[in-house]
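Quick note: the sequence shown uses this note's numbering, first residue 1, plus one each step.
Simulated from the structure, these hints should not be mistaken for lab results.
EDC-like cross-link-like pairs, simulated, lysine to aspartate or glutamate; straight-line CA separation at most 20 Å:
{"no.": "1", "residue 1": "K376", "residue 2": "D288"}
{"no.": "2", "residue 1": "K270", "residue 2": "E213"}
{"no.": "3", "residue 1": "K340", "residue 2": "E369"}
{"no.": "4", "residue 1": "K50", "residue 2": "D363"}
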Amino acid sequence: MKTATDSRQWFTNLLQQGDNSAATEAHAWMKQAHEDASSALHTLPLPNKKQEAWRYTSIEGLLEHEFEPVSTDFDALQIEDIDNWLLPDTDAYRLVFANGRCVPALRNFDQLPEGVTIGSLRHALSHDPKSLAIWFGQTANHNEHIFTALNTALINDGVFIHLQRNVVLDRPIEIMHLNLGLDKPQLIQPRNLLVLERGANAQLIERYESTGESVYFYNAVSEILLEDNAVLTHYRLQQESLLAYHLHQSFLAQAAHSQYRSSYLALGGKWARHDLDVRFQAQGAECDTSGLYLVGDKQLSDQHLDIQHNLPHNASRHTYKGILYGNGRAVFDGRILVEKDAQQTDAHLSNKNLLLSRNAEVDTKPQLEIYADDVKCSHGTTVGQLEPEQLFYLRSRGIDTATAMKMLCLGFAGEILDGIEQAPLRKYAEQQIQTLLAKATDNMDAA
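Using the sequences plus the hints, can you model the full thing?
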């Protein structure tokens, strides 16, 4: 076990190795953010089990690796190199990132509709730094979160999406995050900024893929800013290497009558965690998130939600489901806070888990704190196994046990999958889930 001094040195070593000169050069505000974040790395508390947010999730395994910040662009990649990862039958504005660096040659568009920017943060720093200065760091506080501080201190590239007022995109945006295995474990740190101005409307598909079973630490931070009446539908499919560490912190700020809908599918990673922080900045906003995690042998999947209702007449609904097999572990920690002035709040939180083996484990903690007296709120959780009666019914119809189990698991996951309106993505996700379930049930039969 590493001591606190060793753990602090782990962050210091990464800071000393990193090179963010290309991102901070000539921008005083970015230099200041870098310096503040670097200082915070020396003072912020280290994640440990005494902290409620890290009670069930250890970073000991992460600290055992010596990661090197990515310092190479991958301009040699060709479209033929990513054929196996392209989403079939999808007409979208596609942008590809390799190990956190944008690869412009792999985008599938030359021009965008007027009022739309889809590109890399690094490019935007060179061409429109004044706009970035307005939005950057509005929601992601590197003085509170040590991994956010690490991301900010070594910022180099990431996704930048900006839709001007009343722009409605005619097709989705697809961002492919392709993580390539290199000789040494890599630290990959994209910083993403998504801004939808008043009345803008877009759909975003983000996919996280890897080549082979490589070891790396993907430490991403996303800031999502929705102005009045803006609408964002957001799909995320995470299929990282089973030796990879994946941490993604998403910070969402919603203005009046904005709408945010998301579906998150977490299928990969040895150690995978997603933190979602939601803040309402005005009345009439709606936030609807859902998630599905499949967790197998030697995997940990962690979902954290922090939803703060501090103003009246806002709504949020959060539905998450997990399927665990082998000795997989999952954590769900969801918190909805309804403050005294947040009257007429409509907020609901649900987490349901299906355990396919005795060695699987889930720690689930939905929380609902209400200080207002005129609200509609609920929260709940379940942990269970497949119903023997349902298995018996399917077996009596001539269906073998493995197939019956897969059918029931897909039925359990159906509520989340049905929320994916993009048919090609939904079909692709179902295929990936079926493949994982087939491996899980085959292993159970062998045992």
